[in-house]
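Starting from the given sequences, assemble the full structure and let the hints guide the process.
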Amino acid sequence: MATTAPESRPRRPPTRGLLGGASVPDAAFRAVALAFGALVLALIAAMVAVMVQGSVHAIQRFGLGFLSGTLWSPNDRIFGALPFIYGTVVSSLLALLIATPIGLGVAIFLVEMAPHHVSNAISVLVELLAAIPSVLLGLWGIFVMVPFLQRTVEPALQAVFPGVPLFEGAPYGVGLLAAGLILAIMIVPTIVAISRDVMATVPVAQREAMLALGATPWETTRRAVLPYATSGILGAVVLGLGRALGETMAVTMVIGNRPVISPSLLEPSYTMASVLANEFTDATYDLYVSALIEIGLVLFGITILMNVAARLLVRRTARVSGRGER
Amino acid sequence: MDRTGARPPEALLEAAAPARGAAVAAPAASAVRIDSLGAWYGARKAIEGISLAIAPRTVTAVIGPSGCGKSTLIRCVDRLHEVTPGARVEGRVHVGDVDIYAPGTDPVAVRSMVGMVFQKPNPFPTMSVYENVAAGPRLRGSRIPRGALDDLVERNLRRAALWDEVKDKLGRPGADLSGGQQQRLCIARALATDPAVLLMDEPCSALDPISTYRIEELMRELAGDVTIVIVTHNMQQASRVSEWTAFVLAGDDGIGRLVEFDATEQLFTKPADPRTEAYITGRFG
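So the protein sequences, as listed, match chains S and X. Going by our numbering, 118 is the number at position 118 of the first sequence; the sequence numbering is gapless. Going by our numbering, 1127 is the number at position 127 of the second sequence; the sequence numbering is gapless.
It is worth saying that the hints were derived from the structure and are not from the lab. Treat the hints with caution; some may be incorrect.
Examples of chain X residues lying across from chain S (beta carbon under 7 Å, computed) [unchecked claim]: (1) Val1108; (2) Arg1111; (3) Ser1112; (4) Met1116; (5) Phe1118; (6) Asn1122; (7) Thr1126; (8) Gly1136; (9) Leu1139; (10) Thr1193.
Think of the CB as a built atom: it goes at the ideal place given N, C-alpha and C, for glycine as much as any other residue.
Written as structure tokens, this is what we have:
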């Protein structure tokens, strides 16, 4: 209906360069906004430059072998980052695997089922969960979750899946599983908050159209609300992933901090963020420092890569699901 | 034309409404029978004491100024009114011989025998043209063989006079069609569950005159096998498409009541109530 002609925009003199506005305040505003915009780019560029410069030593020494090397031995001056890359990626994906269904379930409950006051109360609690400092979560992880995993959950997993490589090894409590769980707790609020907001913006007309066809409430959620909200929900998951990749403190406290690559989720592991936090003060010689900085560079690269991939995914689904109201 | 003979036997004016005993014996002669219907949004009462009986395979228009509760009225026939938080209903509604507000009646079952077309075209944007039409039948649980589903989609797109325009783009998203086509797609989607009654809530208010004309034409054709109730604020449209017209008006208390229900020709030429006459001659609303 509302087909506003593009010609009907307020008249404005044609732009004359970036600072060619009509009035002085306008030009000043442009300059300030431009400066802030450029600042973001400059910051990123500076970060990359500093990290590349700092890691030159390690890059020259190990080349691409740094990424595929599985041995991290500062005493022998050998540095391979693969165990940390593995630990970061696997613990984050595990967290996503656990947190996505839970977060989505909570969001569906909040938007589609819960009465208003219940929904509001739970929303506040969920957001409170996001505000817990990660060191506290880590502490709880060490004193409560890890012993519980060690005594109850891990033996049970091994009993149910005997001989499955995913659950082999001695149950330490600390390890990839503990890290994945702690990260899941940390990213559930992100996924809940964003998918709740996205689902709340699905037009009532979409729900009613499905209900009017004789759909049950669940069918309405599954066939009308979720498809419409898919790209936003993906966005929520991506933000959660971003948080999981970079999270340091809580993970460091429960992952076991051992640079090994094991298919078992019960084995200790190590993440890139954790090794940076743990070893920076111990780095006594140049190559060590340089290797740690290169780890930072790799983490930065992986985060960016994941974000770009996720954006492409979101855009592809948005092309389908965003076509509702024009 | 013998006017008294043309009235449906249950055409109850509001004055005759308190015949509640009659409603229990669910007369199958009317497709929809509404008795003393009232509806609330929270503490606010939107409509009150509305009783009317709608003859099968006719087009009945519900007219009235904005805010008189005419949309609320038809949403009660689909049990969609209660979807709004805080909304509730009193009175009785029969669709065929089903008492849709009886304690044991499942609203989901009611909605699958009654179709609804909304004010703004609302095809499912993530579904193709084909999937939009198939959405209702697919809810019925059991898997429909592909061939049968193809036939069903084609038949209903034909019923909605859309087949020729979309037969080569069944796989395209429903939202890619023009506004008028989208609305006909929504009609096809509603028809695909084979409803006995099709409710239309100002279906043309977002459409251009040509699309409006096509949908009006379509309503006339569909009236052969479906009972249509259309809410419209457009009196010309009511007089063009409907055999029966109900005029609903909100009183000073803001509560909508049925003023007059009669054959469309009668209502527009010799209205019984002075308020109807005032409205159709454009003195208010």
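Tested hints:
Taking 7 Å as the C-beta contact cut-off toward chain S, the hint placing Val1108(X) at the interface holds, the least distance being around 5 Å. For Arg1111(X), the interface hint holds, since its Cβ comes within 7 Å of a Cβ in chain S; the closest pair sits about 5 Å apart. Given hint, Ser1112(X) at the interface with chain S, holds; its Cβ is 3 Å from that chain's nearest Cβ, closer than 7 Å. A cut of 7 Å between beta carbons decides the hint on Met1116(X): the least distance to chain S is about 4 Å, and the hint holds.
Among the interface hints, the one on Phe1118(X) holds; its C-beta lies about 6 Å from the nearest C-beta in chain S, closer than the 7 Å criterion. Hint on Asn1122(X) holds. Least Cβ distance to chain S is approximately 4 Å, under the 7 Å limit. Annotation: interface hint on Thr1126(X) holds; nearest CB of chain S at approximately 4 Å, less than 7 Å. The closest approach between the C-beta of Gly1136(X) and any C-beta of chain S is roughly 4 Å, which is under the 7 Å cut-off, so the hint is satisfied.
Nearest Cβ of chain S to the Cβ of Leu1139(X): about 5 Å, under the 7 Å cut. The hint holds. Look at Thr1193(X): its Cβ gets to within about 6 Å of chain S, closer than 7 Å, so that hint holds up.
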